Amino acid sequence: MTRPSPAAALNGVQTGHICDRCNRGIRTGDKAVVYATYYDTDGWVVRRVMCDCGSRTIGLPTDGADEVIVEAVYWSGRLVGVKTVDRSRP
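Taking the numbering used here, the leading residue of the sequence shown gets -5, the next gets one more, and so forth.
No lab work stands behind these hints, which were simulated from the structure alone.
Every value quoted in this text rests on a predicted model; they were computed, and no experiment measured them.
Treat each hint with caution, since some may be false.
What the hints assert, rightly or not - Simulated DEER-style distance windows between Cβ atoms:
{"id": "1", "residue 1": "Thr22", "residue 2": "Thr(-4)", "range": "29 to 35 angstroms"}
{"id": "2", "residue 1": "Asp46", "residue 2": "Asn5", "range": "18 to 24 angstroms"}
{"id": "3", "residue 1": "Gly37", "residue 2": "Pro84", "range": "15 to 21 angstroms"}
{"id": "4", "residue 1": "Pro84", "residue 2": "Asn17", "range": "30 to 36 angstroms"}
{"id": "5", "residue 1": "Ala59", "residue 2": "Gly23", "range": "27 to 33 angstroms"}
{"id": "6", "residue 1": "Asp36", "residue 2": "Trp69", "range": "21 to 27 angstroms"}
{"id": "7", "residue 1": "Thr35", "residue 2": "Ser(-1)", "range": "24 to 30 angstroms"}
{"id": "8", "residue 1": "Gly75", "residue 2": "Gly37", "range": "34 to 40 angstroms"}
{"id": "9", "residue 1": "Asn17", "residue 2": "Arg83", "range": "26 to 32 angstroms"}
Ideal placement from N, C-alpha and C gives every residue a C-beta, glycine not left out.
The task is simple: from the sequences and hints, build the whole structure.
Right, dumping it as structure tokens:
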């Protein structure tokens, strides 16, 4: 079974508005950097939401995990205009 595109799956997902890295508030219209992991039962799950201070690379990937970094616009509590920046699996 093929996995859905992370950008398409995370577009419109509701998220928190506090940066997980620096604790700054993310306001409507701000760029957000999001780290997500794919789970067979749940699909793409947001693990961290960061303001523009967030890293745009995976670094050392977790063994066997499909991880992704996406950029999006934070809009009224949701991610919109999502694009994939880095992914641990092609």
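Inset, instruction - Just tell me: holds or violated, for the beta carbon distance of Pro84 and Asn17 against 30 to 36 angstroms? - result: holds, 34 angstroms
Inset, instruction - Given the range 24 to 30 angstroms, decide if the beta-carbon distance of Thr35 to Ser(-1) lies inside it. - result: violated, 19 angstroms
Inset, instruction - Using the beta carbons of Asp46 and Asn5, state whether their distance is inside 18 to 24 angstroms or not. - result: holds, 19 angstroms
Legend entry - Consistency of beta-carbon spacing, Gly23 to Ala59, with hint 27 to 33 angstroms: holds, 31 angstroms
Legend entry - Assessment of proposed distance window 34 to 40 angstroms (beta carbons of Gly75, Gly37): Between Gly75 and Gly37, where Cβ atoms are some 20 angstroms apart, the hint is violated.
Inset, instruction - With respect to the beta-carbon atoms only, verify the hint that Gly37 and Pro84 lie 15 to 21 angstroms apart. - result: Holds, since Gly37 and Pro84 (Cβ atoms, about 18 angstroms apart) stay within the stated range.
Inset, instruction - May I ask you to test the hint 21 to 27 angstroms on the CB atoms belonging to Asp36 and Trp69? - result: For Trp69 against Asp36, whose Cβ atoms are near 23 angstroms apart, the range 21 to 27 angstroms holds.
Inset, instruction - Kindly confirm whether 29 to 35 angstroms is satisfied by the beta carbon distance between Thr22 and Thr(-4). - result: Holds, since Thr22 and Thr(-4) (Cβ atoms, about 33 angstroms apart) stay within the stated range.
Legend entry - Outcome for the supplied range 26 to 32 angstroms, where the beta carbon pair is Asn17 and Arg83: At 31 angstroms between Cβs, range holds.
Hint compliance for this structure: hints 7 and 8 are broken, all remaining hints hold.
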